[in-house]
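Enquirer: Sequence:
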Amino acid sequence: MTSLIILLFPLTGCMGKSFFSQDDKGVTGTESDAKDGSSSVASEKKSEHRDGQVQEVFNPESIPVLVNQYNILPENYQPEDLVYPNIPYISNKKAEKQKMRKEAAAAIEKLFAAAEEQGIGLAGVSAYRSYTSQKALFNYYVNQDGIKKAKTYSAVPGTSEHETGLAIDVTGGNGKCPAEDCFAGTVEAKWLADHADEYGFIIRYPKGKESITGYKYEPWHLRYVGKAIAKAITKHGITLEEYYDAVPVNN
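With UniProt numbering as the guide, the letters of the sequence shown map in order to residues 1 to 251.
Because the hints were derived from the structure by calculation, they are not lab data. Incorrect hints may appear among the rest.
Claimed, not checked - Result set (PhoX-like, lysine-lysine): computed pairs, CA atoms no more than 25 Å apart in a straight line:
#  : residue 1 : residue 2
1  : K235      : K216
2  : K97       : K149
3  : K207      : K227
4  : K110      : K190
5  : K149      : K216
6  : K207      : K149
7  : K227      : K135
8  : K110      : K235
9  : K231      : K216
10 : K135      : K110
11 : K135      : K94
12 : K93       : K176
13 : K190      : K235
14 : K94       : K216
15 : K231      : K190
16 : K97       : K227
17 : K149      : K93
18 : K97       : K216
19 : K207      : K151
20 : K97       : K135
21 : K216      : K190
22 : K110      : K93
23 : K176      : K207
24 : K135      : K149
25 : K151      : K216
26 : K231      : K110
27 : K97       : K151
28 : K148      : K190
29 : K216      : K135
30 : K176      : K190
31 : K207      : K148
32 : K148      : K135
33 : K176      : K97
34 : K190      : K207
All values derive from a computational prediction rather than experimental measurement.
Could you put the whole structure together from the sequences, leaning on the hints where they help?
Expert: What follows is the structure, given as structure tokens:
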């Protein structure tokens with residue numbers, strides 16, 4: 001990767017932390033961060049964003065790390081605590097893409113169990129991806145749709161949340177509409193929108209926030225950030241970028 005420059009700065013006209021209630025303002029960490037004292041913010045410094053320049057995230061192991069087109073993971077980064085969550089996947093064959101980081105895996109197990117208790121069947125589609133896997137996938141989409149369109153729904157390698165081991169795409173237990181637009185509006189999608197934050201997850205790319213996240217609406221893409229931050233983000237109807245007062249991402 002090329003040399004990178006810090007870019008985070010307060011959003012103008014966006015509901016950043018200044019929008020939060022006093023209780024929310026104190027929320028900056030997750031269960032893991034509280035234990036090890038690590039910062040939950042993608043970068044402790046903020047400066048003016050210039051010419052689409054990017055920065056390398058300084059603490060990729062942080063549970064609520066901000067990863068997007070302007071905040072990239074270190075080259076060859078790989079989480080050290082990847083495990084297989086005990087949940088059903090649309091494919092019964094074990095694969096690397098079914099792994100998640102340990103804390104996120106435990107949380108997704110609880111989310112799936114709660115959904116099942118309420119009559120909602122869910123299945124995993126894809127979780128962790130290595131840099132190499134993301135590169136191959138992104139190149140496939142570029143060849144299929146061109147780079148401009150591909151970047152609206154697929155991440156450039158090094159900038160994908162899947163590479164953190166903290167994200168997972170899910171679908172209904174029947175396996176239909178895996179990571180596809182038809183998942184929107186299903187009872188499973190509605191349940192996730194209503195309850196994901198209770199287990200530390202957010203709908204990372206919500207509807208109407210495309211100009212901020214840089215990606216189209218993906219009701220199936222869950223990102224683990226920890227309960228406190230997930231509840232604050234969901235309560236205010238904002239994105240992870242807005243939570244950190246980070247610059248909007250525009251393709």
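Enquirer: Of the numbered hints stated previously, which ones are contradicted by the structure, given in increasing order?
Expert: Numbers 7, 10, 14, 17, 28, in rising order.
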